[in-house]
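These protein sequence lines are chains A and B, in that order. For the first sequence, position 57 (counting from the first letter as 1) is numbered 57 according to our numbering, and the numbering increases by one without interruption. Take any residue in the second sequence, count from 1 to its spot, add 430: that is its number in our numbering.
Since the hints were made in silico from the structure, they are not lab data. Heads up, a few of these hints could be off.
Output of the computed footprint for chain A on chain B, the stretches with three or more beta carbons under 8 Å from beta carbons of chain A [unchecked claim]: (1) 564 to 576; (2) 638 to 652.
Taking CB as the label site, the calculated pair distances span [what the hints assert, rightly or not]: (3) Lys409/A / Ile458/B: 46 to 54 Å; (4) Asn190/A / Asp530/B: 19 to 27 Å; (5) Leu225/A / Asp530/B: 27 to 35 Å; (6) Asn190/A / Met538/B: 32 to 40 Å; (7) Asn190/A / Thr495/B: 23 to 31 Å; (8) Asn290/A / Met470/B: 52 to 60 Å; (9) Thr637/B / Leu249/A: 26 to 34 Å; (10) Arg50/A / Ala561/B: 51 to 59 Å; (11) Ser527/B / Gly364/A: 44 to 52 Å; (12) Asp269/A / Val478/B: 27 to 35 Å; (13) Asn290/A / Asp698/B: 48 to 56 Å; (14) Ile517/B / Arg298/A: 51 to 59 Å; (15) Gln406/A / Ser516/B: 40 to 48 Å; (16) Ser224/A / Gln558/B: 45 to 53 Å.
Built from N, CA and C at the ideal position, the CB exists for glycine as well.
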Amino acid sequence: MERILIENGRIIDPANNVERLGSVYVADGKIVSVIYKPIGFEADKVIDARNLIVCPGFIDLSARLREPGQTRKATIASETAAASAAGITTLCLPPDTSPVIDTPAVAELVKDKARKAGFRQVLPIAALTQKLEGAELTAMMALKQVGCIAVSNANQPVKNLLVLRRAMEYAASHDLLFMYRPNEPALYNNGCVHEGVLSTRYGLPSIPEAAETIALSQCLELVSLTGCRVHFGQISCARSVFMLEQAKLSGLNVSADVAIHQLHLTEDDIIPFDSAYHVQPPLRTVADKNALREGLARGIIDSICSDHQPHDLDAKLGAFPETDPGVSALETVLPLMLKLVGDGAITLEQGIAALTHKPAQLLGLDRGALTGGFAADICIFDPEQDWQVNAENWRSQGVNTPFWGQVFKGKVIYTLQSGKVVYGDPVSSD
Amino acid sequence: MTKNLQLNSEGKLKHFLTIEGLDRQLLIDILDLAESFVGMSDQRIKKVPLLRGKSIVNLFFENSTRTRTTFELAANRLSADVLSMSIATSSTSKGESLLDTIRNLEAMYVDMFVVRHAISGAAHFIAQHSAPHISVINAGDGQHAHPTQAMLDMFTIRQIKKDFSKLRVAIVGDILHSRVARSDILALNALGVAEVRVIAPKTLLPTKVETLGVNVSHNLVDGLQDIDVIIMLRLQKERMSAALLPSESEYFKCFGLTEQRLKYAKPDAMVMHPGPINRGVEIESKVADGSQSVILNQVSNGIAVRMAIMAMAMQKQGGV
Numbered sequence: 001m002e003r004i005l006i007e008n009g010r011i012i013d014p015a016n017n018v019e020r021l022g023s024v025y026v027a028d029g030k031i032v033s034v035i036y037k038p039i040g041f042e043a044d045k046v047i048d049a050r051n052l053i054v055c056p057g058f059i060d061l062s063a064r065l066r067e068p069g070q071t072r073k074a075t076i077a078s079e080t081a082a083a084s085a086a087g088i089t090t091l092c093l094p095p096d097t098s099p100v101i102d103t104p105a106v107a108e109l110v111k112d113k114a115r116k117a118g119f120r121q122v123l124p125i126a127a128l129t130q131k132l133e134g135a136e137l138t139a140m141m142a143l144k145q146v147g148c149i150a151v152s153n154a155n156q157p158v159k160n161l162l163v164l165r166r167a168m169e170y171a172a173s174h175d176l177l178f179m180y181r182p183n184e185p186a187l188y189n190n191g192c193v194h195e196g197v198l199s200t201r202y203g204l205p206s207i208p209e210a211a212e213t214i215a216l217s218q219c220l221e222l223v224s225l226t227g228c229r230v231h232f233g234q235i236s237c238a239r240s241v242f243m244l245e246q247a248k249l250s251g252l253n254v255s256a257d258v259a260i261h262q263l264h265l266t267e268d269d270i271i272p273f274d275s276a277y278h279v280q281p282p283l284r285t286v287a288d289k290n291a292l293r294e295g296l297a298r299g300i301i302d303s304i305c306s307d308h309q310p311h312d313l314d315a316k317l318g319a320f321p322e323t324d325p326g327v328s329a330l331e332t333v334l335p336l337m338l339k340l341v342g343d344g345a346i347t348l349e350q351g352i353a354a355l356t357h358k359p360a361q362l363l364g365l366d367r368g369a370l371t372g373g374f375a376a377d378i379c380i381f382d383p384e385q386d387w388q389v390n391a392e393n394w395r396s397q398g399v400n401t402p403f404w405g406q407v408f409k410g411k412v413i414y415t416l417q418s419g420k421v422v423y424g425d426p427v428s429s430d
Numbered sequence: 431m432t433k434n435l436q437l438n439s440e441g442k443l444k445h446f447l448t449i450e451g452l453d454r455q456l457l458i459d460i461l462d463l464a465e466s467f468v469g470m471s472d473q474r475i476k477k478v479p480l481l482r483g484k485s486i487v488n489l490f491f492e493n494s495t496r497t498r499t500t501f502e503l504a505a506n507r508l509s510a511d512v513l514s515m516s517i518a519t520s521s522t523s524k525g526e527s528l529l530d531t532i533r534n535l536e537a538m539y540v541d542m543f544v545v546r547h548a549i550s551g552a553a554h555f556i557a558q559h560s561a562p563h564i565s566v567i568n569a570g571d572g573q574h575a576h577p578t579q580a581m582l583d584m585f586t587i588r589q590i591k592k593d594f595s596k597l598r599v600a601i602v603g604d605i606l607h608s609r610v611a612r613s614d615i616l617a618l619n620a621l622g623v624a625e626v627r628v629i630a631p632k633t634l635l636p637t638k639v640e641t642l643g644v645n646v647s648h649n650l651v652d653g654l655q656d657i658d659v660i661i662m663l664r665l666q667k668e669r670m671s672a673a674l675l676p677s678e679s680e681y682f683k684c685f686g687l688t689e690q691r692l693k694y695a696k697p698d699a700m701v702m703h704p705g706p707i708n709r710g711v712e713i714e715s716k717v718a719d720g721s722q723s724v725i726l727n728q729v730s731n732g733i734a735v736r737m738a739i740m741a742m743a744m745q746k747q748g749g750v
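Throw the hints in and build the complete structure from the sequences for me.
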């Protein structure tokens, strides 16, 4: 396979504590060396990364690709192309596809489709319960063997706590990470916005923080009971950050991520009845946003995910409560992360870590770092380049983003996945 | 955005979707124009030719005989051609078919939609997706807004109390689910009343209700002190099954307006209700039919106020 030299870039590799100008050497799909030139290394291809940042490719813990089952919204091919253009080299796919990822066949199908799209790292997350119904366990061991990286019940609740307890015990027996999105359905009550000033003013069905914190607290109790490793996905409120800090201090084996839009938008930003802002969990208050940012800076929240949910136009065309929640988010991950850095909320190293080696660690992947021998998943971006979120630049099939039309700083120039340039057009060296 | 959507480039009313974003003068203009229509109902010929040749479609996705009737009468008295459609929600449960309904009617050269819908934001959605020449009047959307009701309430208050600035107004009952309450609160504050007070158990108040610019009381007797205007809200039966209240009789005991309790308000306090009334649940008959009640005035004023709003929204088309 190809030998690639990435030279003159500013290398940021938080896992190895590297932050300096230099070169990265890639051969046979793997990282060979960073900074130091291996003896006899002759590049087939040279990427000039002058004025660019070279970091590990991003790992997204939650991205809906809508395939199988909802190809009118998006396909694995369309969304993996968007991911490559966004510097994302690993996508974790929640199990709420149609059919649900509750059998090895569906997991295989997903991986096969991804392979055909030329994107090797779509990692299916297996359903925790059959059909996500919260009643019977899936064949987790078999699902793990075909490459499912974790188990989850996606957005579906497990109403029966006994089932949840047993599912967690069973997942722990197979050393499977349980990804859990805390949401108590009775309190969620078909809401569509945060219960606060906005819901009161516009008479919109509302979701209190307690819908999240009660489910979180129940699950934390089951973590101490079962010893299952739990990753809490897409938390949205300050109280959750506080509870996670306590849990971590008490030694529970838990981690958490936050959807990148939650670090930027609040209920105050919602343009009345604009369905682009309809997300779940809902956009909460400024205090919540600030607590999430602080939780990320202090490592209470481990990683950032896109919570990518592309939709077709019709899904967002209607009165706000009737539209489908979710944001098409892959392509705004990098600029929004850089905006956090620009706002002084986190350092660039923290931002990159939250998108690379932190999620890699949670999943136990030999990726997310520019370590010799690791797969050469690399993102090379220009932190200063402006680009506009518009039809010309956008690749995802879903155009449902509240950031449409905005101009962002931070553009991916090249993406390498397992040593293959999957985005960008470097000049070959002779 | 809400404001831009409702007003044309000259700041004139194009749609009437919510009180939010409309300034005091515009609300007063509506009341003044309505005033000029009020006498008309007594005349032998009850029509003015303001909207002759215009087509108005009442789109009622949620049933309401009274509101629909007053809108029909208002349109008729403006000499418009009016068609009322009751559309079962089942056939338009998806946004695209709601849009299809609108598109089809647009193709018939309709000038105005009067929309009632069970989902908050439906009227905004229709206004955003209608052809530019079409005006949309919100006749109630979900729990969001019922701005024509609010305007007829303001009209009725002004008729009797003349000046808004010294008034203390109590709104009693299910604020949480009430689009009338939300629109009344916005209108009362825009018109500069001294106080708006909401009186209800916590289960029927939205969170942070004080951010709407109201004071809060959980006790009817305390809450009625110094009150000039009492707006009673209808209590829906389904609130009991949703565990918001124990029973109708307990609600009546705590929040039902009786002759005896009415004495705690100012002696000349006026009693209002958007209807339909649940006698013996939120209000006793003696009060509803009593001398302080203006409930039927509200109904008749509804026609004049809706005529005024329809006429103003059509102004931009040279209709007036």
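For which of the previously enumerated hints does the structure constitute a violation, in increasing order of number? Failing hints, ascending: 5, 12.
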